Structures are given as structure tokens and as C-alpha cells.
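Sequence order for the protein chains is H and Z. Using numbering that gives the first Met the number 0, you'd call the opening residue of the first sequence number 0 and step up by one each time. Using numbering that gives the first Met the number 0, you'd call the opening residue of the second sequence number 0 and step up by one each time.
To be clear, the hints were calculated from the coordinates, so they are not data collected in a lab. Incorrect hints may appear among the rest.
[As the list claims (entries may be wrong)] If we take Cβ atoms under 10 Å as the criterion, some of the chain Z residues that face chain H in the derived model are:
#1 Pro107
#2 Met124
#3 Ile132
#4 Val279
None of the values given here were measured: they were computed from a predicted structure. No residue lacks a Cβ here, since even glycine has one placed at the ideal position from N, Cα and C.
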Amino acid sequence: MSPAARREQAISVMALGHAVGRRVLLPLVGVVIVLAIWQATVAIYRLPLIVLPPPWTVATTLADLVGTRAFWRDVGVSLYEFVAGYAIGTTLGVATGLAMGESRRFRQALTPVIESLRFIVPFAWIPLTILWFGTSYAGKIMLVAYAVYFVMTVSTARAIAHVDPTLTRVGTMLGMRPLRLALRVHLPAAMPTIASAARAAAAIGWIAVVAAEYIGASAGLGLMITNAASSLATGVVIAGMIVIGLIGAGVSAAILAIARARPSAR
Amino acid sequence: MTTATRHATPTNRHAAMPTPTATDAAMTGGRDARGGLTVERVSHHYLANGRRTDVLDDVSFSVGAGQVACVVGPSGCGKSTLLGLAAGLMRPAAGRVTWNGETVRMGPTDHLGMAFQQPGLFPWMTVRENVAIGLTTRGKSRHDARRIADEFLDTVGLHEFKDAYPSQLSGGMAQRVGIARALALKPRLLLLDEPFAAVDAFTRLKLQQEFKALLKLDRPTVLFVTHDVPEAIALGDVIVVMSQRPAAVKTIIPVRREERDRASLAYAHKLAETLACLGVTSDMEGE
């Protein structure tokens, strides 16, 4: 190997090391700090296991949990409720928002309803959904759809209204009628805003699922956690909370990846 | 100096003018023949925050079928508004614009091609798709639209950028895509809003030449807004000179073929005449 090539290789190894440092080590610093505070709190106050188990105990509990069938069933139920409700809520929300952005009449007719309903947080509906749907999946799906719907409607309507007017003029000049203009120009032009709203909505929807399961469910992560809490299995409670956080982050990352893949896909 | 009285006079003047040789074919078409554009006593204003800004004040002129009219005037005088009205993208506050003898209505048409000052390319589409979408909208097959788009992108010198996205283009390149998109539609009425403004001087001259050649093929009626007087003389059959805002037609100057030769005395005279109408004297020492 020539000296130049060797040097190049050395540089690339250094660059790789640098990238690893930035992308892996730095984020780990935060995690380590949180774990250290946690461990220290347990040690200093000599907290019993049922109040706050130390990180290592929770880690082993989590590892045991992951090996059980029931755990995956709960994860599956929660995810199913979320995905179904999210799909319904975003589809209907984008459709309503698009109609509101395109038609002044539609906007005038719907704004009062949307504005008054969107401040009734999804959690306020939990008692009613239990009354109507019991502990079935349908109640949770409806709740997620509801939570997601308003975020998507309002953001989509606003994004459509803010599309660069030059693009509208161009579309009209090219001969597009209103429906085609809405679907071929306004919707794609608003897509970046709609995609970031979809990410925010995912977080809200996921929170709604778990919250609803805490209160009344026959399966799901929320139920798993409340059951564990009532039998004082604090380790399982915390492990479940960590799983909820990880799944939420995963869902958010997945939606970001889908949104990023879109523009060049065509 | 040629100073026409305002209002309807320019139209009458125009009609009464001895027919310039270069525009014979265009002029014989007459005003109400197929492809003629007339602007009749059009006034327009904008309302913003309760304040009214008058942009056009009783503007009248006509462009015969296949004729190229260049609109020059001070910046911000309402030239773009004039194009918007001719395109049916907005409705005039007073007066009317007609095409083929019929009042221009708001909404999409299929005789129109327009290049905007801001190119307004769709950022989620490739350059080729941007040019092709107008063609598919107007009923061409995907295959044909693609072929025609490629052809016009070659014309504006962008064949290497067909698969690029608008964000990867310079301002001048984006503007050329906008021009290609308008020309590819083979419109009967072509409206251009300072299409070569963001293009460097050399490319500009080249594009002007190619543009001229393209016009000979399809002979659309053209309304061309520019603030470059030499460009107006090079491309226009007539030059419509506008005044400050609220803009009125100051005068309409016909351009003869021999006046386009930049090495000729006739060109120098035409340039001086047009600039004088815009309030610029050719004698730099005079100030």
C-alpha cells in the first residue's frame, strides 16, 4: 500500500471514529446521566423495590417481559388500535382540511364545529367511549382517530391556504379545473406541512391509546401497566413505560422516513 | 416626440396607422379576427388593509392575431396585472379584455400559455414533469407529453437537467423551464412576464433569437412584458409604452423590420424614440 493510500485510509478511519462519536457516544451521555441520577436516588434514599427499583432490576424485568407471549400480545393490541385509528383520523382529517382550504363555504360552515370540538381533549371522551364501546378495540380506535383528526384537519386547511399563489396561477394557466388543481397542485405543495403535522398527530394518537387503556381495556400496554401497578410490580410498570416511549419514538421515526421518501419517489 | 393623448386614442391611432411591412400578415387579421386580443378601457386596483392602490387607469389597446406586442414601462406600473387580466387569472375592476372577440372569463382555458416572473415550478416534480404536466392536463398522452417536453427543454438548453428537481436549478434555468412549459403548450395566446429577466446577457440574446424562430412556426398572439427596450424592439411588432402607476397607455410604437438591425441608424432612432416616451433622453450630457 502506498503512503498516500495509507494516509487516506487513516483519515477515513478517523472520520469514521468521529462520526461514531457524534452519532452514538454523545446521545448516550444523556442516557447515562439519567440512569446515574436514578441509581443514586435509589441508593441515597434506600428506596424499596416496590417504590422505585434500580435501573438494572428494571432492565432484567424488561428482558424477562420481552420473552413472554402476553407482552407481545399487549404490544400488538396497542399498536393495532393506534394504527387503525391513526389511518382513519389522518385520512378523514386531510380530506376535511383540503375541502376547507379549497372552499370558502365549506370553511365557513365547518370552522365553528371544528374550533369548539378540537379543544375537548381526547381524554375527556374516555368515559363516553367506555360507556358506548365498553373495553373493546373500537372505543380506542375511535379515540385515536378523534385525537388525530383535529390536528390533521386544522394543519391541512392552514397549509392549503398558504400554498404559494403563483403555483395556483400556474395550475390554472395550464388548464387545471378546481378538483385537479386541489389534488395535483395544492395537496402536494402542502405535503411538507401536512407531513410534519402527521408526526405531531402520531405522538398525540399514541398517548391517547395508552391513556384510554389505563382507564378501561381488555388488553394492551396500558392495561398491562395498570395490572402490574395493582400487584405492586413496579419494575413491570417502569419497563412498560419505557416500552411505550420506545414505540412512540419508533412510530415518529417511521413517519418521518415515509415523509422524506415521498418527494423523490415520484 | 410621440405623445398620444390618453384613453381610447392609442387603439384608434393604431388602427389608423399605415401598416408596417413587418406586421403585414398580423395586421390584416384585424382586431376581431381569430386570435386577436383587445384590452378595452380597463382599470384595476388592489385593496390592502383598507387602502386602495390603483394600478391600471383606462388602458386600451389591441394585439392582432399572430402579432407580438411588447409592453414596456416603469417597474411596478401594473404590467404584470395586465397579463393576469389577459390570462383570466383575475377580473378587471372596470372595462373588459376580449380574446377572439369574446370576453375573457376567470378560470382555466386551453388557448393560453404563460411564463410568470417567478417561474412557479412545482418543486415536487422533475423539470421534465413540470413541462409535461400542462400537456397531460390538456389531454396529451403521457408518452407524447414527455416527448414534447424533452423537445422544448432542448430548445431552452436544459436537456441535461430533465431529471433534476427545481431546487437544483439556478434562477435563470428555472425561468427557462417556465418558458419551455409555456411554449410546449403551443398556445394561441402567449403571455410572457419578463421571461428573460434572470438570464445572463449572452444567454438572453440567444434565447431571444430562438424565441423569435419559434414564434415564426406557430404564430401565436403574444403579449410580452419587459423593461428592456432593446428586447422590445428586437421582438415586438408593436411596443406598448405604459406610464407610471396608475398605468395608462402613453403611446403605441410600431416596429419595422429594418429597425431591428442593431447596427443600423434606424435602430438607434427607434431606441431613442422609445426611451424618450419613457422619459429618458438619449443625450447623456443633457442632465
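Against the structure, the hints:
Evaluation of the proline 107 of chain Z hint against chain H yields a held restraint, the C-beta minimum of about 5 Å falling below 10 Å. At its closest, the beta carbon of methionine 124 of chain Z sits 7 Å from a beta carbon of chain H; the interface hint therefore holds under the 10 Å criterion. Taking 10 Å as the C-beta contact cut-off toward chain H, the hint placing isoleucine 132 of chain Z at the interface holds, the least distance being around 7 Å. Restraint check, valine 279 of chain Z versus chain H: the minimum CB separation of about 31 Å is more than 10 Å; hint violated.
In this structure, the one hint that does not hold is number 4.
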